[in-house]
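Q: Residue numbers (our numbering), protein chains in the order written: chain A, 1 to 166; chain B, 1 to 211.
If you are wondering where the hints come from, they were derived from the structure by calculation, not from laboratory data. Just so you know, not all the hints are guaranteed correct.
[To be verified] Where chain B lies over chain A, by a calculated footprint (3+ residues, C-beta under 8 Å): (1) 27-37; (2) 93-105; (3) 121-130.
[As the list claims (entries may be wrong)] Facing chain A, according to a computed beta carbon distance under 7 Å, are these residues of chain B, among others: (4) Ile43; (5) Asp44; (6) Cys46; (7) Pro48; (8) Asp49; (9) Asp50; (10) Ala58; (11) Gly155; (12) Ala156; (13) Ala160; (14) Asp164; (15) Gln200.
Yeah, the Cβ is synthetic: ideal placement off N, Cα and C, and Gly gets one too.
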Amino acid sequence: MTSATAAGAGVRLIAAGIGELVVSADPATALVAYGLGSCVALAAHDARGGIAALAHFMLPAGTASAEAPVKFVEPGLDAFLEAFVAAGGDPARATYKAAGGAAMLRLAGGGLDIGQRNAEAVLRGLERRGLRLAAADLGGSAGRTVQLETRTGRLLVRSIVGTTTL
Amino acid sequence: MNERPTTTDDELLAETLSAAMVRASDVLAEMSGRPIRISTPSIDRCSPDDVAHMAGGAEVVVVAVYLGILGALSGHALLLLEPDSARRLAGFLLDSVGSGRPVESEGAVDLDDLGRSALGEIGNVTVSAFLNELGRRSSLAILTTPPQVVVEMAGAVIDAAVSDVVGEQDRVLAAHTIFHDGEDRIHALLLVLPELGSLQRLLTASDPRLP
Chain A
1 MTSATAAGAG
11 VRLIAAGIGE
21 LVVSADPATA
31 LVAYGLGSCV
41 ALAAHDARGG
51 IAALAHFMLP
61 AGTASAEAPV
71 KFVEPGLDAF
81 LEAFVAAGGD
91 PARATYKAAG
101 GAAMLRLAGG
111 GLDIGQRNAE
121 AVLRGLERRG
131 LRLAAADLGG
141 SAGRTVQLET
151 RTGRLLVRSI
161 VGTTTL
Chain B
1 MNERPTTTDD
11 ELLAETLSAA
21 MVRASDVLAE
31 MSGRPIRIST
41 PSIDRCSPDD
51 VAHMAGGAEV
61 VVVAVYLGIL
71 GALSGHALLL
81 LEPDSARRLA
91 GFLLDSVGSG
101 RPVESEGAVD
111 LDDLGRSALG
121 EIGNVTVSAF
131 LNELGRRSSL
141 AILTTPPQVV
151 VEMAGAVIDA
161 AVSDVVGEQD
171 RVLAAHTIFH
181 DGEDRIHALL
191 LVLPELGSLQ
201 RLLTASDPRL
211 P
């Protein structure tokens, strides 16, 4: 896949499907969430501990399940931070970045503005926990794939027109 | 994993889809003057991740024709095609109406306005045929919005539509769809994303004895 090239030689990709979270302490890994539309990916990186985590949120709020612990931003943020801590990350000193939350279709009935609501839920959820985003690429009308480098904490955001780095 | 749910509902859906594609084939054949036939060899209920996988991967660029569904069945419908397939399918119509140019481009995903319009019309005919057939069998009115054609990552398009309707129940109706023109075959994925309970109400109201 093209993503393997983008990750660089020797870097192993670990993917977070919809509603999934992935955590790594291996500097030779990158965490990736493919094809985000209205979904939002939240990245946490503890540079001192060398810990990275990535969540692939689908909806702003709902009932969590074991198969999809971060399908919903609330209460998924708790599961995300718990997994980050369990891997040795420190939420207070971590850097947070987010991308996604697009609205690419004019949905029948006006839609539910899920992308915007997901983005707002992440911002509010972090704020409630005394945390905030260091960088974000949210909203707009383009799909995105995000890739968090465990070693550096860089978040690459790819769309069909190009790549930006947060 | 994909599910093949209750036999009765699945058989009813498959029969409805099959009958609808006969009607859609007739319409497209008339529009194009070519012997176009549409078949749907399989229909499944899948998770969004499964559907993205069926489309070639969440990051794969696809051409998507989107139609909103209103009335007795509410939700969304998508017809997904690889860019090259989309250009060839648009050519089914455009080559026959004397546009004077083939629907081709050097870019991997470029589609001009005419190509987008043709694809929108093909998506409209295909999706509307299925919904009209569902409506006919249930005696309920189902409407669609005008088609939109977008070029995007498969996962992103699916995600945008799925997130709006499914919530707790994230199952998408996915039909592998083949457009035949003589020996030429174009593969597509027809997705119907009904709001929770909407499709079941319609199936319950459907008369299985109707031809």
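Q: For every hint, state whether the structure bears it out.
A: Results of checking the hints against the structure:
1. Against chain B, the stretch 27-37 of chain A contributes 4 residues with a C-beta closer than 8 Å to a partner C-beta. That satisfies the three-residue criterion, and the hint holds.
2. Beta-carbon proximity to chain B at under 8 Å applies to 4 residues in the stretch 93-105 of chain A; the threshold of 3 is reached and the given coverage holds.
3. Counting residues of the stretch 121-130 of chain A whose CB falls under 8 Å from any CB of chain B gives 0; the rule of at least 3 is not met.
4. Evaluation of the Ile43 (chain B) hint against chain A yields a violated restraint, the C-beta minimum of about 22 Å exceeding 7 Å.
5. Here the hint on Asp44 (chain B) is broken, as its CB sits about 17 Å from the closest CB of chain A, past 7 Å.
6. Given hint, Cys46 (chain B) at the interface with chain A, is violated; its Cβ is 12 Å from that chain's nearest Cβ, farther than 7 Å.
7. A least Cβ separation of about 5 Å between Pro48 (chain B) and chain A falls short of the 7 Å threshold, and the interface hint therefore holds.
8. Satisfaction of the interface hint for Asp49 (chain B) is found here, the shortest Cβ-Cβ separation to chain A being roughly 5 Å, below the 7 Å cut-off.
9. For Asp50 (chain B), the interface hint is violated, since its Cβ never comes within 7 Å of a Cβ in chain A; the closest pair sits about 10 Å apart.
10. A cut of 7 Å between beta carbons decides the hint on Ala58 (chain B): the least distance to chain A is about 3 Å, and the hint holds.
11. A hinted interface residue such as Gly155 (chain B) counts as satisfied when its beta carbon comes closer than 7 Å to some beta carbon of chain A; here the least separation is about 2 Å, so the hint holds.
12. The interface hint given for Ala156 (chain B) holds, since its Cβ lies 2 Å from the closest Cβ of chain A, which is under the 7 Å cut-off.
13. Taking 7 Å as the C-beta contact cut-off toward chain A, the hint placing Ala160 (chain B) at the interface holds, the least distance being around 4 Å.
14. Hint on Asp164 (chain B) holds. Least Cβ distance to chain A is approximately 5 Å, under the 7 Å limit.
15. The criterion of a C-beta within 7 Å of any C-beta in chain A is not met by Gln200 (chain B), whose closest approach is roughly 19 Å, and the hint is violated.
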